[in-house]
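Participant: Mind docking chain B on chain D? Use the hints.
Number of protein chains: 2
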Amino acid sequence: MTAKLRDVAEHAGVSVRTVSNVVNGFAHVAPATRQRVQASIDALGYRPNLAARTLRRGRTGLLALVVPEVDSPYFADLAARTVRAAQARGLTVLVEQTDGDADREKRLLHGDRAHLVDGVLFSPWATTPADLAARTDTTPLVLLGEHDGTPGVDHVAIDNVAAAREATAHLLAAGRTRVAAVGVQPHSRNATARQRLTGYRAALTAAGLPTDPALEVPVHRLHRADGHQAMHTLLDSPDPPDAVFCFTDELALGALRAAGERGVPVPTALALVGFDDIEDGRYSTPALTTVSPDKDRIADLALDHLAHQASTPGPPRSTTAPHRLLVRETT
Amino acid sequence: MTAKLRDVAEHAGVSVRTVSNVVNGFAHVAPATRQRVQASIDALGYRPNLAARTLRRGRTGLLALVVPEVDSPYFADLAARTVRAAQARGLTVLVEQTDGDADREKRLLHGDRAHLVDGVLFSPWATTPADLAARTDTTPLVLLGEHDGTPGVDHVAIDNVAAAREATAHLLAAGRTRVAAVGVQPHSRNATARQRLTGYRAALTAAGLPTDPALEVPVHRLHRADGHQAMHTLLDSPDPPDAVFCFTDELALGALRAAGERGVPVPTALALVGFDDIEDGRYSTPALTTVSPDKDRIADLALDHLAHQASTPGPPRSTTAPHRLLVRETT
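Protein chains in written order, with the working numbering: chain D, 18 to 348; chain B, 18 to 348.
In case anyone wonders, no lab produced these hints; they're calculated from the structure.
Treat the hints with care, since some could be wrong.
Put simply, identical chains are the same to the list, so a pair is met inside one copy or across any two.
When the alpha-carbon atoms are kept at most 20 Å apart in a straight line, the in silico SDA-like pairs for lysine to any residue are as follows [as the list claims (entries may be wrong)]:
1) Lys123 <-> Asp176
2) Lys21 <-> Arg76
3) Lys21 <-> Gln55
4) Lys21 <-> Arg121
5) Lys123 <-> Trp142
6) Lys123 <-> Asn207
7) Lys123 <-> Ala20
If we strip away everything but chain D, and leave its shape as in the complex, we get (with noise of 0.2 Å):
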């Protein structure tokens, strides 16, 4: 027989609710009661996704994890963690992949997936502020990274500014001066890329060093062949960088290899740091100084919101999760 809510409320002595509660992971349930519960949910072998559908309309368990790309390792990684975080709360999560198509986003945004799923986490690239404030879906959604000027929306996202700011300032601290950033877009809508040349900018400015444009190599994506034809053109370049600040790793790895490919060695010639911390970079020789946002955490916010708005109908709320400099032998 299979254990239904209302099972698993009687072997805890709870309410129905309260199971729900649990099983939708609701901040407002007192840690002793949840663990009694979780505690019947094992000894009972409920199963939420199936079961939690009855409780009422429209629950079903599921989750969407909506990014622009699953074959990038900061997309994969964060999935695959938001999985696991969305599991020990009893939820499921369908990842759908985007390609950063703005027709497909705006789809998703106004509630191409309502029907199927409690909440959606959503990873913009396409998506305007416009776009936003347009949305009449009530599904609860949570923007995972930046976005300029976001009306209305939940939101969680590490400070990108003071990232790139940390990583361009250790790569000044140790005495480089000529400092470069691949990863601009000029023609993107996704915030990212502008607050980490801010960020960038920010600690040349501190140092008391100028900008200069020739140092702020503009790409077309954020992947390794981006970043191996971008530090090709700086090698190039009449007066070439001694220190690349990087926007993803991926850019970074593309760089690192390119600088072998002119044998230019890392770290001593040419200090490199990345953003993300994807496996590959811990792996690579040199290993990669990077900035390492919190994706556990990230993950665990953006289920806190969706839980938070279930429960707690509210004005929308940005958090902000940490991150930290992982400084490894590129710099």
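Facilitator: Frame of chain D; chain B shown alone:
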């Protein structure tokens, strides 16, 4: 006004059934007809994944792709390609991660997503032939990757035995005589590692060389950390290998890092071959020689299988996707 299937059929001058066949990527539509229907779909801005649902009960325009780890570069790459291949057929893929957990694999196998999706592409880790034989859910299902003795289930995979034999033969042809295999998984239910070991041994035997248990290194998982540790173990042995065939690129990249830490030059003192052709291996220094499964073809074949099951009931089919050895700088 939202375009309906019927509108597309009228616009294209074909039956609703034909539009549905095009939308679902069924094979038995003449190319000219397919083209005409696609033009009408584009002209009317028809959204198959919503409207196709009205065609018959259970048609959602959604597919599930179930993988053990979304953050494994191989599965992330395969997932991204599958999403795009499905997109080209007007279908949406939801990606789900099992962590190779036997219970979750079993629940998905037995219909945990049956009400949401039209088909399941499933890369199992812990599933046994008995689990498959016990399946009663009728949602179209295609297994991705090797699985020993799978009864009654469609199947798309590369020839892992042949691929591993070629990778090992490539090392032997270069004059290497002590070729290790990293990636043996004696306790795993997954057949992939077993088949790659079979291919490795076959190549040794064909070259008149004995197999040596000391050169067959078991690993816990197929990740970078496992390859890193395995390589250190091999280099600590009294008679280290002059070449290593790793069963995944992740293992090989971990091994490459370990070789660098020990000052063992690659490829001169140690040649390395990986498996999977993940992007990471294209940008490592030295770039990784690897077996490249045709992932686009795997995705396309898997979708063909689903469409075929939906349109033409019949006995299960197995299809082999192509692979090739990419020789780069580690050999």
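Participant: State for each hint whether it applies.
Facilitator: Results of checking the hints against the structure:
In this assembly of identical chains, Lys123 and Asp176 lie within 20 Å of each other by CA distance neither inside one copy nor across copies; the values are 26 Å within and 41 Å between. Taking the closest pair of Cα atoms, Lys21 and Arg76 come within 20 Å of each other only inside a single copy of the chain (14 Å); across copies the shortest separation is 28 Å, beyond that limit. Taking CA atoms no more than 20 Å apart as the test, Lys21 paired with Gln55 passes inside one copy only; the shortest distance there is 14 Å, against 46 Å between copies. Only between protomers do Lys21 and Arg121 lie at most 20 Å apart by alpha-carbon distance; the minimum there is 18 Å, versus 37 Å within a single protomer.
Only within a single protomer do Lys123 and Trp142 lie at most 20 Å apart by alpha-carbon distance; the minimum there is 11 Å, versus 35 Å between protomers. For the homomeric pair Lys123 and Asn207, the shortest alpha-carbon distance inside one copy (15 Å) is at most 20 Å, but the shortest distance between copies (40 Å) is not. For the identical chains of this complex, Lys123 and Ala20 are inter-copy neighbours only, at 18 Å across copies versus 39 Å inside a copy, given an alpha-carbon limit of 20 Å.
In summary, the structure is inconsistent with hint 1 from the numbered list given earlier, while agreeing with all the others.
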